[in-house]
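**Q** The residues making up each chain are set out below.
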Amino acid sequence: SAVISQKPSRDICQRGTSLTIQCQVDSQVTMMFWYRQQPGQSLTLIATANQGSEATYESGFVIDKFPISRPNLTFSTLTVSNMSPEDSSIYLCSVEGGRAQETQYFGPGTRLLVL
Amino acid sequence: EDKVVQSPLSLVVHEGDTVTLNCSYEVTNFRSLLWYKQEKKAPTFLFMLTSSGIEKKSGRLSSILDKKELFSILNITATQTGDSAIYLCAVEETSGSRLTFGEGTQLTVNP
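Chains as they are written, first to last, in the working numbering: chain A, 1 to 115; chain B, 1 to 111.
Looking at chain A on its own, in the form it has when it is part of the complex (with noise of 0.2 angstroms):
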């Protein structure tokens, strides 16, 4: 399986401003998703980052509060802008290799306390 990491692990933020979330694999993989976890809840997927074209988001997200990036094959950074509150939640990237039967895998996430 792909090594995943993420930055920064954790962090506080005061409301209305913005944070950029990256997430870093440590081989080329074919697809990227970003997940938000709200406390208590499961996971929901925000959106496929798509390399060299504009992410595909799922309902419910747009991409002026959940801009995202992805310029290669290892890499994609989800920011989180105009923060509030309900936004505390953990952030996750997840990863497909791309070969049959390949399934999918999570970075180590990002904890969003947003006061």
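It is worth saying that the hints were derived from the structure and are not from the lab. Possibly wrong hints are sitting among the right ones.
[As the list claims (entries may be wrong)] The calculated lysine to any residue pairs, modelled on SDA-like cross-linking and capped at a C-alpha distance of 20 angstroms, are:
hint, chain 1, residue 1, chain 2, residue 2
1, B, Lys3, B, Arg31
2, B, Lys37, B, Phe71
3, B, Lys41, A, Pro8
4, B, Lys40, A, Lys65
5, B, Lys41, A, Gln41
6, B, Lys41, A, Gln22
7, B, Lys37, B, Asp17
8, B, Lys37, A, Gln38
9, A, Lys65, A, Asp11
10, B, Lys40, B, Glu103
11, B, Lys40, A, Pro39
12, B, Lys40, B, Gly82
13, A, Lys65, A, Ser18
14, B, Lys41, A, Gly40
15, B, Lys41, A, Asp11
16, B, Lys37, A, Thr44
17, B, Lys57, B, Ser84
18, B, Lys40, A, Ser9
Since the structure of chain A is provided, determine the placement of chain B on it from the hints.
**A** Below, chain B without anything else, positioned relative to chain A:
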């Protein structure tokens, strides 16, 4: 809309007990069902199931899928305190590889 339902939502057992966690699903274009263990932040992969009736096993953990009845179970035998975690079930679609997660089962194993 795709749906994944896990039961029970929480479970408290004693070390040595055997537990069975349930996952039922409704999804349009099923590709696979996955089980993850989440202890702190990152879910760690346990099993991926694509075919009915074939048990996957890893140590004390095993899982099986029933594609006709649309459910899966995760068994843990001889539980240990280190098994305490949230166990997540997710279903993957054929289109775009998106995962839909259930709410999870919070398992607590007491000594």
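**Q** Now, for every hint given, state plainly whether the structure supports it.
**A** Results of checking the hints against the structure:
1. Lys3(B) with Arg31(B): Measuring from Cα to Cα gives roughly 14 angstroms; hence the hint holds.
2. Lys37(B) with Phe71(B): Given that 20 angstroms is the threshold and the Cα spacing comes to 18 angstroms, the pair holds.
3. Lys41(B) with Pro8(A): 13 angstroms, holds
4. Lys40(B) with Lys65(A): Roughly 26 angstroms between the alpha carbons, so the hint for Lys40(B) and Lys65(A) is violated.
5. Lys41(B) with Gln41(A): 12 angstroms, holds
6. Lys41(B) with Gln22(A): At roughly 16 angstroms apart (the allowed maximum being 20 angstroms), Gln22(A) and Lys41(B) satisfy the hint.
7. Lys37(B) with Asp17(B): Cα-Cα ~18 angstroms, so holds.
8. Lys37(B) with Gln38(A): 17 angstroms, holds
9. Lys65(A) with Asp11(A): 18 angstroms, holds
10. Lys40(B) with Glu103(B): At roughly 16 angstroms apart (the allowed maximum being 20 angstroms), Glu103(B) and Lys40(B) satisfy the hint.
11. Lys40(B) with Pro39(A): The hint holds at about 12 angstroms.
12. Lys40(B) with Gly82(B): Measuring from Cα to Cα gives roughly 12 angstroms; hence the hint holds.
13. Lys65(A) with Ser18(A): 9 angstroms, holds
14. Lys41(B) with Gly40(A): 12 angstroms, holds
15. Lys41(B) with Asp11(A): 14 angstroms, holds
16. Lys37(B) with Thr44(A): 16 angstroms, holds
17. Lys57(B) with Ser84(B): Holds: Lys57(B) and Ser84(B) sit about 19 angstroms apart, inside 20 angstroms.
18. Lys40(B) with Ser9(A): With Cα atoms ~12 angstroms apart, Lys40(B) and Ser9(A) stay inside 20 angstroms; holds.
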